[in-house]
Structure formats: structure tokens, C-alpha cells
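Trainee: Using our numbering, you'd call the opening residue of the sequence shown number 262 and step up by one each time.
Mixed in with the good hints, there may be bad ones.
Claimed, not checked - Under the rule of at most 30 Å between Cα atoms (straight-line distance), these lysine-lysine pairs were calculated in the DSSO-like manner:
{"#": "1", "residue 1": "K401", "residue 2": "K418"}
{"#": "2", "residue 1": "K418", "residue 2": "K331"}
{"#": "3", "residue 1": "K331", "residue 2": "K401"}
{"#": "4", "residue 1": "K397", "residue 2": "K331"}
{"#": "5", "residue 1": "K418", "residue 2": "K397"}
If you're looking for bench data, these hints aren't it; they were derived computationally from the structure.
These figures come from a predicted structure and were not determined experimentally.
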Amino acid sequence: MTTGCVPKDIPLSSVWRQQPQTDDSASAQKSAESPAFRMYAAPASSEEPLISCTVSEGQARFSSGWFPLKNTDFEIRPGTEKTFAVQGRNRRETNSIFVRFDRGGQRLVFCPRAQDFQKADRIACYSIYALEDDFKPGIKRTFDVPDAVRGSALSCKEV
262 MTTGCVPKDI PLSSVWRQQP QTDDSASAQK SAESPAFRMY AAPASSEEPL
312 ISCTVSEGQA RFSSGWFPLK NTDFEIRPGT EKTFAVQGRN RRETNSIFVR
362 FDRGGQRLVF CPRAQDFQKA DRIACYSIYA LEDDFKPGIK RTFDVPDAVR
412 GSALSCKEV
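Taking the hints into account, I'd like the entire structure generated from these sequences.
Mentor: Spelled out as C-alpha cells, the structure:
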């Protein structure tokens with residue numbers, strides 16, 4: 262089994278616009294559930310297993326600088342993509358991370374959403390590789406990618 266984190270530059274699209282919030286966690290959750298957020302999620306097939314993941318504390322780099330993370334849960338199915346809100350440790354600010362579960366490469370790709378960018382700009386993304394069978398018992402991977410994320414971990418398990 263091959264696993265690890267690999268930074269990757271991916272061209273930006275309008276999907277990755279950052280929408281920082283300065284409200285409490287209820288407002289952040291409401292923002293993540295808004296129609297604008299949901300419209301970017303790829304339709305999920307009920308035939309694919311649902312994977313539940315937790316991003317653990319650490320720091321992620323957004324266009325505004327390093328952002329301290331609080332434990333955040335999200336769910337995704339293979340072959341889909343979505344945006345989820347991550348809350349800072351101070352509970353007053355949230356940022357968004359775009360995630361895609363690439364079936365072909367058997368990996369989860371994460372990209373901090375950029376606040377301001379031009380069409381030709383690129384952002385650093387990071388990937389977690391795992392085999393399909395790895396999600397049944399669960400996986401845990403560390404995130405430590407220079408200039409992207411540090412001191413964090415991801416754990417995922419099939420629900």
C-alpha cells in the first residue's frame with residue numbers, strides 16, 4: 262500500500278472562493294449549508310460508501326495567512342467533491358476547504374479556498390492516498406505539507 266501527502270498545484274476555479282465568516286459556529290454551519298455552498302457539491306451516488314472524516318487541529322495556509330484549525334467533521338463519497346467549513350480555534354472565524362475524492366487515483370485532494378485570485382493563479386493543494394479497503398477499518402494520516410498545512414491529521418472511516 263502506498264500512502265502519503267503530496268502537494269499539487271491545481272488551477273483555481275470560481276468554486277474555490279474563500280468566504281471568511283466572523284460569526285459564531287451556528288452561523289458558520291448555516292453558511293456551509295447555504296444553497297451557494299451546496300451547489301458546488303457533486304451529486305453523490307447512494308451506491309458508493311459514505312466516508313466520514315475528521316480534520317484534526319493544526320494550521321492550514323489560506324490567502325490571508327496561516328489559519329489555526331479546530332477539529333472539523335465532514336462526509337464524502339468516492340467520486341464526489343464538496344466544500345466544508347473549518348472553524349478557527351477562536352471560534353470567530355471560519356474558512357472553507359474544497360475536497361475531492363478522486364476514485365481513479367484513490368485519493369482525497371484538499372485545497373484551501375482562495376480569497377482573491379486571478380484566473381491564471383494557482384494554489385497549493387494536498388492529497389491523502391488510500392486504498393478503498395483502507396476506509397472500512399479506518400485510516401489516519403498526518404498533514405505536514407510545507408506552505409500548505411502543518412501539525413494536523415486526517416482520520417476517515419466508512420460509515
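Trainee: With reference to the structure, classify each hint as holding or not holding.
Mentor: Quick rundown of the hints versus the structure:
no. : hint        : result
1   : K401 - K418 : holds, 9 Å
2   : K418 - K331 : holds, 19 Å
3   : K331 - K401 : holds, 17 Å
4   : K397 - K331 : holds, 25 Å
5   : K418 - K397 : holds, 6 Å
In the structure shown, no violation is registered for any of the earlier numbered hints.
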